[in-house]
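Protein chains: 2
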Amino acid sequence: MSATSTQVRLASYPVGEPQDSDFEFVTIELPEVGDGQVLLRTVYLSLDPYMRGRMSTAKSYAAPLRIGDVVLGGTVCEVVESRSPKRAAGDLVLAFTGWQTHAVVDARQTQRIDPSAPISTALGVLGMPGFTAYAGLLEIGKPKAGETVVVAAAAGPVGSAVGQIAKIKGARAVGIAGGPEKCRVLTEELGFDVAVDHRSPTFVTDLAAATPDGIDVYFENVGGPVFDAVVRRLNRFARIPVCGLVADYNATEQPTGIDQRPGFMRRVLTLSLTVRGFIQDEFVPTHHHDFRREMGEWVRDGSVRYREDVVEGLEQAPAAFRGLLRGQNLGKLLVQVGELPAPAIDSAGARARP
Amino acid sequence: MSATSTQVRLASYPVGEPQDSDFEFVTIELPEVGDGQVLLRTVYLSLDPYMRGRMSTAKSYAAPLRIGDVVLGGTVCEVVESRSPKRAAGDLVLAFTGWQTHAVVDARQTQRIDPSAPISTALGVLGMPGFTAYAGLLEIGKPKAGETVVVAAAAGPVGSAVGQIAKIKGARAVGIAGGPEKCRVLTEELGFDVAVDHRSPTFVTDLAAATPDGIDVYFENVGGPVFDAVVRRLNRFARIPVCGLVADYNATEQPTGIDQRPGFMRRVLTLSLTVRGFIQDEFVPTHHHDFRREMGEWVRDGSVRYREDVVEGLEQAPAAFRGLLRGQNLGKLLVQVGELPAPAIDSAGARARP
Numbered sequence: 435m436s437a438t439s440t441q442v443r444l445a446s447y448p449v450g451e452p453q454d455s456d457f458e459f460v461t462i463e464l465p466e467v468g469d470g471q472v473l474l475r476t477v478y479l480s481l482d483p484y485m486r487g488r489m490s491t492a493k494s495y496a497a498p499l500r501i502g503d504v505v506l507g508g509t510v511c512e513v514v515e516s517r518s519p520k521r522a523a524g525d526l527v528l529a530f531t532g533w534q535t536h537a538v539v540d541a542r543q544t545q546r547i548d549p550s551a552p553i554s555t556a557l558g559v560l561g562m563p564g565f566t567a568y569a570g571l572l573e574i575g576k577p578k579a580g581e582t583v584v585v586a587a588a589a590g591p592v593g594s595a596v597g598q599i600a601k602i603k604g605a606r607a608v609g610i611a612g613g614p615e616k617c618r619v620l621t622e623e624l625g626f627d628v629a630v631d632h633r634s635p636t637f638v639t640d641l642a643a644a645t646p647d648g649i650d651v652y653f654e655n656v657g658g659p660v661f662d663a664v665v666r667r668l669n670r671f672a673r674i675p676v677c678g679l680v681a682d683y684n685a686t687e688q689p690t691g692i693d694q695r696p697g698f699m700r701r702v703l704t705l706s707l708t709v710r711g712f713i714q715d716e717f718v719p720t721h722h723h724d725f726r727r728e729m730g731e732w733v734r735d736g737s738v739r740y741r742e743d744v745v746e747g748l749e750q751a752p753a754a755f756r757g758l759l760r761g762q763n764l765g766k767l768l769v770q771v772g773e774l775p776a777p778a779i780d781s782a783g784a785r786a787r788p
Numbered sequence: 435m436s437a438t439s440t441q442v443r444l445a446s447y448p449v450g451e452p453q454d455s456d457f458e459f460v461t462i463e464l465p466e467v468g469d470g471q472v473l474l475r476t477v478y479l480s481l482d483p484y485m486r487g488r489m490s491t492a493k494s495y496a497a498p499l500r501i502g503d504v505v506l507g508g509t510v511c512e513v514v515e516s517r518s519p520k521r522a523a524g525d526l527v528l529a530f531t532g533w534q535t536h537a538v539v540d541a542r543q544t545q546r547i548d549p550s551a552p553i554s555t556a557l558g559v560l561g562m563p564g565f566t567a568y569a570g571l572l573e574i575g576k577p578k579a580g581e582t583v584v585v586a587a588a589a590g591p592v593g594s595a596v597g598q599i600a601k602i603k604g605a606r607a608v609g610i611a612g613g614p615e616k617c618r619v620l621t622e623e624l625g626f627d628v629a630v631d632h633r634s635p636t637f638v639t640d641l642a643a644a645t646p647d648g649i650d651v652y653f654e655n656v657g658g659p660v661f662d663a664v665v666r667r668l669n670r671f672a673r674i675p676v677c678g679l680v681a682d683y684n685a686t687e688q689p690t691g692i693d694q695r696p697g698f699m700r701r702v703l704t705l706s707l708t709v710r711g712f713i714q715d716e717f718v719p720t721h722h723h724d725f726r727r728e729m730g731e732w733v734r735d736g737s738v739r740y741r742e743d744v745v746e747g748l749e750q751a752p753a754a755f756r757g758l759l760r761g762q763n764l765g766k767l768l769v770q771v772g773e774l775p776a777p778a779i780d781s782a783g784a785r786a787r788p
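Those protein sequences? They're chains R and P, same order as listed. Residue 537 in this note's numbering sits at position 103 of the first sequence, and the numbers go up by one each step. Residue 684 in this note's numbering sits at position 250 of the second sequence, and the numbers go up by one each step.
Since the hints were derived computationally from the structure, they do not count as laboratory data. Among the clues, some could well be false.
Remember, identical chains collapse to one label, so a pair may be satisfied in a single copy or spanning two.
Claimed, not checked - In silico lysine to any residue, SDA-like type, Cα no more than 20 Å apart, as pairs:
hint, residue 1, residue 2
1, Lys-578, Glu-716
2, Lys-603, Asp-647
3, Lys-576, Phe-671
4, Lys-601, Ala-579
5, Lys-576, Asp-647
6, Lys-576, Asp-627
7, Lys-576, Phe-717
8, Lys-603, Arg-734
9, Lys-576, Glu-716
10, Lys-601, Ser-737
As the structure is a prediction and not an experimental result, all values here were calculated from the model.
I would like the entire structure built from these sequences, with the hints used as guidance.
Take a look at the structure:
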C-alpha cells in the first residue's frame with residue numbers, strides 16, 4: 435500500500451513573528467513501507483515554543499531546521515500499516531513525525547501510548563511538557579513545604595503542571611498569566627493559591643502583594659518584563675530553573691537601554707541564587723521512570739489537572755503557532771490533524787479495534 | 435591595664451572609588467578587659483574586595499557599615515592580656531577586629547591559629563579566601579579530570595587557589611590576570627597551564643586560543659568585560675560559581691548600551707548552564723573540616739602555593755584597599771599593623787614565648 439502525506443515545510447527562516455510565507459504546504463507520495471517500518475496517520479500534532487528556536491540558525495542545543503525540512507514536532511499517530519512485529523495496524527503511538535498528515539518511520543521511533551489515559555495527554559501533562567515541569571521543578575527548584583513557587587505562562591501545559599506539583603509538595607503556588615480568564619482558571623480550576631495578570635498596569639505591585647514572603651523558586655519559561663518584576667522579589671538561596679524564554683523568541687534585535695546583566699549578576703551573588711538552564715532530555719535517564727508513575731497517579735486522582743486547546747486541521751498550524759508565541763492558548767495547544775480513533779477501551783484497558 | 439587603639443572608621447559612604455576622605459583615623463582609650471575578654475594587638479589585617487560592598491547601603495547579604503563604624507576585616511592578633519581561661523597572653527589568634535591596632539573582645543570571638551603554618555596564611559590560603567576557592571570550586575564548579583577551569587583575578591588569593599585545586603583534580607587551569615608579571619607568576623610559580631592577560635588588546639582571541647575545548651567551569655570573582663569574553667566560550671553544562679564581581683563594585687551608575695541580560699539568559703537556557711552565587715559561610719558547616727585537612731596537606735606538600743603582598747602600617751590601609759579594587763596587588767593583600775611576634779617555634783610545634 436502506498437499513501438500520500440500533506441506536509442508543512444519551512445520555506446524561509448522567520449524574521450520576528452513567523453509569517454504564513456515562512457511555511458509551504460506540499461503533498462507528496464510516501465515511500466513503500468519497508469522491513470521494520472510503519473505507516474502512520476497523524477491524529478494530534480503538538481505545538482510548542484521550542485519549535486521557534488529550531489526555525490533559526492542562532493547557536494542552540496540542537497541543529498536548526500534546514501529550508502525545505504518538514505517542521506518538527508511530537509505527534510500522536512495511529513498505525514495504518516506495519517511491517518514490524520513490534521506494532522500492529524490500529525496501534526496508537528507517540529512519534530516525532532512533525533507537521534504532516536502521514537509518515538513512514540522505523541517502528542523503533544514510535545512508543546506505545548498508555549491506554550488508560552486520553553491519548554492527547556501523551557503530548558501534554560503525561561508527555562514532554564509535563565516532564566519538563568516535573569523534572570525542572572523537583573530536581574532544580576526543589577520546593578520545600580511553606581516556600582513560595584512562582585511560575586509564568588502558568589496557564590500553559592508546563593506552567594500549570596509546575597504550580598500543581600508545587601502544591602503537592604506543600605508550597606504556595608503563584609501563577610502569572612495574561613488576562614483575567616487565564617487567571618480565573620488558575621485559581622478556580624487548577625488550585626493555584628493566587629494568580630497575577632502580567633497585562634495589568636498594576637502587575638508589579640500585584641506580584642509583590644501575591645508574594646508577601648518573597649519568592650523561593652521561580653520557574654522561568656517566559657523571560658521579558660515578567661522576569662524583571664520577579665527578580666526584585668527573590669529570597670536568599672532562591673532557585674531559578676530556566677526552561678524557556680518565549681517572550682524573547684521572536685526578538686530580532688538585541689534590546690538596548692540599561693544593561694541589566696551586571697545588576698542581575700550582583701543579585702546572583704548577594705542572594706546566593708541558583709540559575710540553571712535545562713532541556714528535559716537531560717533528566718530522562720534519571721527521572722522519567724518516577725515521572726510516569728507519580729504523574730500518572732496525580733492525573734488519575736485529580737491532584738494534577740490539565741487543559742487542552744485543540745485547533746482542527748493541519749492548515750491551521752501556522753496561525754496557531756503564531757498565537758502560541760503571543761500567549762493566546764489556554765492549556766496545551768494541539769492540532770487535530772486527522773480523525774480520532776474509535777474510543778472503545780475494553781475492561782482490561784487494552785484498545786478494542788472496531 | 436588599659437590601652438589605646440588607633441582605628442580607621444567609615445566617615446562617609448564612598449561614591450565610586452573610595453577616597454581618603456571616606457575614612458577617619460581616631461585614637462581611643464579602650465575599655466578595661468572584662469571577665470571572659472581579651473585585649474588583642476593586631477599583627478595582620480586582611481584587605482578583601484567584599485569590604486567595598488559593606489561600604490554601601492545597597493541591599494546585600496549583610497548589613498552595611500554605619501557611618502562612624504570601625505571598618506571591618508579579619509585580623510591575626512596577639513593576645514596582650516587575657517581574663518579568659520581559653521586564652522593566654524602571647525597566644526596568636528584569628529579575630530575579626532577590623533581596621534584598628536588594638537581591641538577588646540570576648541575570647542570566644544577568637545580562634546587559635548594552627549602553629550604549623552605561617553600566621554599570615556590564616557587570612558589567606560588557609561583562611562577565608564582559600565576556603566572560598568575550595569568550597570566554591572568543589573561544591574559548585576565540580577571540575578572533572580580533563581575539563582577546562584577558568585578563573586579571573588587568578589593572581590589573587592582566591593583565584594590562585596582555584597587554579598591550583600583545579601590542577602589537583604586533573605583539570606586544565608586557565609588563569610586570567612592583569613599584566614605580564616601576574617601572568618608569569620601564574621604559569622611559572624603557581625602551575626597554571628596557561629595565563630591570559632585581560633589588559634591585552636588581543637584578550638578575546640587569546641582566551642579563545644587558551645581554551646581550545648571551551649570552558650567547563652568559570653569561577654567568577656570579577657565581572658565586567660572579562661565575563662563577556664568568557665561567556666562566548668562556555669560549553670554545554672558549564673558551571674559558574676559566582677563569589678565576587680570586583681570590577682563592578684565601584685560602579686555608580688547602571689551601565690547602558692545593549693541590555694545583555696536576555697542574551698545571557700538565552701545562553702543559560704541553550705547551554706544548560708548552572709550559575710550559582712555563594713558566600714563562603716554557607717559551606718562552613720559542611721566543608722570546613724575537609725578544607726582544613728586537605729588544604730593544610732596541599733600547602734605543606736607544595737601542591738598549593740601562595741603569594742602575599744604585605745604593606746606596612748595601618749595608615750596605608752585606605753590606599754592599599756583602593757589598589758586592591760584596581761587589581762594592583764599580586765597575591766593576598768595584608769596590612770602589617772603591628773610587630774611580628776618572635777618566630778621561635780619549638781619542636782612540638784608550640785610557640786615558645788621569648
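For each hint given before, does the structure comply? Return the numbers of the non-compliant ones in rising order.
Of the numbered hints given earlier, the structure breaks none, since each of them holds.
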